[in-house]
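Undergrad: The whole structure should be built from the sequences, with the hints applied where relevant.
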Amino acid sequence: MLNRSHDYQPMPGSECLITDLGNDPQVAQHLAQMGVLPGTRLRIVRLAPLGDTLEVAVEQGELLALRRDELDALACQYQVLPLSQVERWGPELYRVLSLAKGHTFRDRVDRHGIEPGSILQVLHPGQWPLRVEMEKNGESLILGHGEAVKILVERADG
Amino acid sequence: MNDVAKHQSGRKIIKVALVGQPNVGKSALINSIGNARLKVGNFSGVTVKKEVVRFVRGDYEFKITDLPGSYSLTDYTIEERVTKKYLDEDEYDLILNVVDSTNIERNLYLTTELLALNKKIVIALNMTDEAVNEGVHINEQQLSKILGARCVKTSALKKTGIDELIDAIIETYNSKLPDLHLQFSEPFEEEIANIVDFLQAKKFQCKISLKALAIKLLREDRQAYQRFHEEPIWIELLPIINKAYQHLYLHYGTKDLEDIFNDEKNAVAKGAVAETVVFEKDNRLSLTDKIDALLMHQVVGLPIFLFMMWGLFQLTFDIGSIPMDWIDAFFVALIDGTKNFLGHTELASVIADGAIAGVGAVVLFLPNIIILFFGIALLETTGYMSRVAFLLDGFFHKFGLHGKSFIPLVTGFGCSVPAYMASRTLKNDRDRLLTLFIIGFMSCGARLPIYVLFVGAFFAEHHAGNILFLIYISGALLGILAAKILKMTVFKGKDEPFVMEMPKYRLPSFKLIWHTVSGQALMYLKKAGTFILMASVLVWFASNYPKQPELEQAYQIKIEQAADDAQAKALSNELALSKLENSYLGMIGHASEPFFAPLGYDWRMAVALETGLAAKEVVVATLGVLYGLGDDITEQHTGLIEKIRENISLPAGISFIVFVMIYLPCLAASMVFMREAGGWKYLGYLFIFTTVTAWLLSFAAFHITRMLV
Ligand SMILES: Nc1nc2c(ncn2[C@@H]2O[C@H](COP(=O)(O)OP(=O)(O)OP(=O)(O)O)[C@@H](O)[C@H]2O)c(=O)[nH]1
Ligand SMILES: [Mg+2]
Numbered sequence: 001m002l003n004r005s006h007d008y009q010p011m012p013g014s015e016c017l018i019t020d021l022g023n024d025p026q027v028a029q030h031l032a033q034m035g036v037l038p039g040t041r042l043r044i045v046r047l048a049p050l051g052d053t054l055e056v057a058v059e060q061g062e063l064l065a066l067r068r069d070e071l072d073a074l075a076c077q078y079q080v081l082p083l084s085q086v087e088r089w090g091p092e093l094y095r096v097l098s099l100a101k102g103h104t105f106r107d108r109v110d111r112h113g114i115e116p117g118s119i120l121q122v123l124h125p126g127q128w129p130l131r132v133e134m135e136k137n138g139e140s141l142i143l144g145h146g147e148a149v150k151i152l153v154e155r156a157d158g
Numbered sequence: 001m002n003d004v005a006k007h008q009s010g011r012k013i014i015k016v017a018l019v020g021q022p023n024v025g026k027s028a029l030i031n032s033i034g035n036a037r038l039k040v041g042n043f044s045g046v047t048v049k050k051e052v053v054r055f056v057r058g059d060y061e062f063k064i065t066d067l068p069g070s071y072s073l074t075d076y077t078i079e080e081r082v083t084k085k086y087l088d089e090d091e092y093d094l095i096l097n098v099v100d101s102t103n104i105e106r107n108l109y110l111t112t113e114l115l116a117l118n119k120k121i122v123i124a125l126n127m128t129d130e131a132v133n134e135g136v137h138i139n140e141q142q143l144s145k146i147l148g149a150r151c152v153k154t155s156a157l158k159k160t161g162i163d164e165l166i167d168a169i170i171e172t173y174n175s176k177l178p179d180l181h182l183q184f185s186e187p188f189e190e191e192i193a194n195i196v197d198f199l200q201a202k203k204f205q206c207k208i209s210l211k212a213l214a215i216k217l218l219r220e221d222r223q224a225y226q227r228f229h230e231e232p233i234w235i236e237l238l239p240i241i242n243k244a245y246q247h248l249y250l251h252y253g254t255k256d257l258e259d260i261f262n263d264e265k266n267a268v269a270k271g272a273v274a275e276t277v278v279f280e281k282d283n284r285l286s287l288t289d290k291i292d293a294l295l296m297h298q299v300v301g302l303p304i305f306l307f308m309m310w311g312l313f314q315l316t317f318d319i320g321s322i323p324m325d326w327i328d329a330f331f332v333a334l335i336d337g338t339k340n341f342l343g344h345t346e347l348a349s350v351i352a353d354g355a356i357a358g359v360g361a362v363v364l365f366l367p368n369i370i371i372l373f374f375g376i377a378l379l380e381t382t383g384y385m386s387r388v389a390f391l392l393d394g395f396f397h398k399f400g401l402h403g404k405s406f407i408p409l410v411t412g413f414g415c416s417v418p419a420y421m422a423s424r425t426l427k428n429d430r431d432r433l434l435t436l437f438i439i440g441f442m443s444c445g446a447r448l449p450i451y452v453l454f455v456g457a458f459f460a461e462h463h464a465g466n467i468l469f470l471i472y473i474s475g476a477l478l479g480i481l482a483a484k485i486l487k488m489t490v491f492k493g494k495d496e497p498f499v500m501e502m503p504k505y506r507l508p509s510f511k512l513i514w515h516t517v518s519g520q521a522l523m524y525l526k527k528a529g530t531f532i533l534m535a536s537v538l539v540w541f542a543s544n545y546p547k548q549p550e551l552e553q554a555y556q557i558k559i560e561q562a563a564d565d566a567q568a569k570a571l572s573n574e575l576a577l578s579k580l581e582n583s584y585l586g587m588i589g590h591a592s593e594p595f596f597a598p599l600g601y602d603w604r605m606a607v608a609l610e611t612g613l614a615a616k617e618v619v620v621a622t623l624g625v626l627y628g629l630g631d632d633i634t635e636q637h638t639g640l641i642e643k644i645r646e647n648i649s650l651p652a653g654i655s656f657i658v659f660v661m662i663y664l665p666c667l668a669a670s671m672v673f674m675r676e677a678g679g680w681k682y683l684g685y686l687f688i689f690t691t692v693t694a695w696l697l698s699f700a701a702f703h704i705t706r707m708l709v
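Listed in order, the protein sequences are those of chains A and B. Under my numbering, the letters of the first sequence match residues 1 to 158, in that order. Under my numbering, the letters of the second sequence match residues 1 to 709, in that order.
This list has only true hints and no planted wrong ones.
Only pairs whose alpha carbons sit at most 25 Å apart, straight line, appear in this in silico SDA-like list of lysine to any residue:
#	chain 1	residue 1	chain 2	residue 2
1	B	K504	A	G51
2	B	K290	A	I44
3	B	K504	A	M34
4	B	K84	A	M34
5	B	K643	B	E581
6	B	K281	A	R43
7	B	K504	A	R41
8	B	K427	A	P25
9	B	K427	A	Q29
10	B	K484	A	D69
11	B	K427	A	D72
12	B	K290	A	G51
13	B	K398	A	I44
14	B	K290	A	Q60
15	B	K427	A	D69
16	A	K101	B	V300
17	A	K101	B	I291
These aren't lab readings, by the way, just hints derived from the structure by calculation. In this text, all values refer to a predicted model and were calculated from it rather than measured experimentally.
TA: Okay, here's the thing in structure tokens:
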């Protein structure tokens with residue numbers, strides 16, 4: 001149960017692969033009816049005001065609303081995460097997939113040459129502020145939480 | 001003439017069961033085929049009980065039963081149960097399965113289950129217009145072959161494919177039931193074959209095909225089991241089934257037959273889609289995405305919703321009050337005219353002061369009602385409703401409610417009757433009961449007239465919309481608070497999972513909105529012309545009888561001896577009032593006065609509230625009759641709003657509004673509540689709960705306002 005997403009606030013943009021519908025038959029049945037099955041990829045689209053309800057997109061693009069409790073009951077492998085949560089994967093190389101909007105943020109990441117496709121390494125995952133090293137030129141920079149949330153990455157080796 | 005009769009008796013009746021997942025356009029499709037007016041909305045769970053539509057095409061009479069949408073043939077919710085029960089037990093000639101072409105894979109899960117029933121079936125690939133726009137191309141001939149059932153592309157919106165669909169239904173009706181076409185995975189098919197072989201060897205007779213029966217048994221279908229328990233063959237069959245289970249458990253690595261069948265279903269659906277559907281481009285959700293970025297925004301989403309509601313109530317008052325003045329003037333003139341025409345007789349009084357005053361008081365608010373219903377119709381048909389349910393789910397959850405409760409609650413702003421029915425979509429009985437108990441806090445359309453009347457009487461025009469909004473919002477907040485209290489005390493228990501589909505945004509057609517709103521407006525008028533009319537006449541009689549000749553004589557003498565006109569007028573007013581107070585209604589009012597006096601009401605307001613138990617519109621009708629009679633004699637005729645302002649103090653008025661917000665819904669709604677909740681005792685609880693709450697809060701409102709002004 002430790003690998004459950006319990007301590008993490010799911011973030012918009014994260015994507016996960018469902019591996020098992022978990023052991024609450026009611027939730028499982030409910031989700032299966034809606035087309036969420038083992039092997040399905042979910043993308044978290046947005047959060048509702050108190051953060052406990054999420055909107056997710058299922059593979060073909062249908063939108064579902066569900067609660068964090070339901071998501072937590074599923075076994076899922078995250079395949080896309082914001083850089084702020086990569087410690088769930090451990091220290092590895094990550095590939096940047098997309099960057100959120102925002103002028104100052106974009107200016108700063110541009111200056112350091114971070115763009116979709118760049119490979120990054122997080123030096124001490126879980127320690128804030130985050131210390132990141134660019135694989136290309138070995139340049140390192142420090143990212144605050146507010147910035148790390150805006151960078152969606154996947155594992156570079158997988 | 002003879003010919004026609006023969007023709008009619010020669011018509012064949014085709015009974016069709018309309019089945020499909022929620023929000024795929026089942027009801028809309030029937031509306032376009034059969035010119036029906038079934039309720040259509042852009043969210044899951046619009047249809048909650050079965051409804052039959054009949055129409056004639058050529059030599060055939062169609063009897064189509066619109067069933068509530070369900071994702072699969074399970075029986076968790078009441079609406080799912082309705083559908084499953086109908087399919088299992090009722091008589092029908094064929095199933096019309098409606099499928100959303102833009103979401104075909106998931107829709108085919110249900111189709112697979114329906115095919116396994118081995119009944120005649122026609123599949124309508126609906127929403128073709130949207131599918132074309134989104135670049136989803138379905139090869140319907142190929143799909144028909146794979147599924148072994150006719151598939152027809154339709155669009156309920158654009159009315160395409162309707163004739164083809166009818167033809168397909170007639171053809172299928174006239175042809176033999178084809179063999180079950182469904183192909184499951186090898187191990188599953190193997191076990192099916194085993195059971196079928198055994199049953200065949202035993203020459204077992206059955207209404208459905210043996211293969212369908214075998215599938216039912218392998219799914220552990222309760223009904224198939226029950227039927228078999230009584231058969232002698234059961235003892236021999238049981239070991240075979242058990243062995244089949246063991247094989248399946250082993251093969252799938254799970255002991256959950258539901259899971260196993262889900263897997264099978266999905267494999268069939270995936271296979272069919274892979275062979276027959278081409279997805280062209282991938283810009284499907286771009287528009288929805290853009291709108292949602294704003295409307296479902298984590299921070300501004302809810303304020304936007306509240307702002308829109310506020311706007312709606314501003315419109316309700318501002319635009320609604322323009323024709324209101326004309327309607328008011330019209331009825332005042334009508335009352336005067338009737339009296340002039342018929343003279344000062346009993347008949348004139350019952351028509352003018354009873355019927356016209358009562359009905360007029362209700363019709364007066366038609367414009368407001370129309371605007372309110374228009375707003376609700378927009379909420380229901382655009383797809384915004386589910387979004388707001390999403391935005392509110394977090395708060396609702398904190399107060400022990402389910403996010404889906406939002407749908408019945410919003411419906412409750414229109415009318416409580418469909419709202420009680422709409423709570424059938426909630427899975428858990430506790431959640432459902434809780435929702436049923438607080439629906440009454442959402443002020444229904446019939447209470448709107450009372451609010452408009454009192455707000456109009458006591459507040460400046462530019463505040464009126466705000467006050468109206470405040471009334472509705474505080475009613476809703478009170479309801480949510482009540483939910484919390486009930487959840488902590490009576491309806492304790494674990495939370496239900498929350499999974500809800502977000503429909504696409506759809507621009508409602510003018511016709512759809514028109515149908516919805518005009519239907520409701522007509523119903524309101526019809527009620528005014530029948531039920532309210534009767535109630536007003538009753539109220540008139542109860543307030544004019546018994547006659548008091550001695551009293552009248554005594555006053556008559558006094559009036560004749562009066563020194564001047566002013567004194568005579570005062571005396572005759574006094575007479576009218578004391579006649580009223582000694583009438584039956586006056587007696588009832590005075591009897592209940594002790595209960596209502598601490599809230600600041602005179603006996604007339606008390607009576608109005610009591611008659612409001614029959615229907616909330618009757619409250620204004622009663623006020624119209626009672627305050628109309630009071631100043632019968634005076635020459636100046638004023639509108640109802642003026643009369644309220646003259647006769648009722650502000651604190652009493654506010655206290656009255658609070659009482660109306662909370663107390664028991666009308667008779668019709670109470671009956672539906674009782675049925676949905678499951679017994680008299682719940683209605684008893686509701687009565688006590690609402691009356692106590694209403695009394696306490698009105699008491700507080702009266703005294704606080706009195707201190708402030
Ligand atoms: N574009 C388009 N919209 C459609 C079509 N058919 C239905 N709709 C819309 O889809 C929504 C759902 O329609 P309903 O008829 O209420 O669906 P239903 O299947 O009866 O839904 P439930 O009663 O909840 O199970 C409404 O907003 C309709 O206007 C269609 O062919 N094309
Ligand atoms: Mg329907």
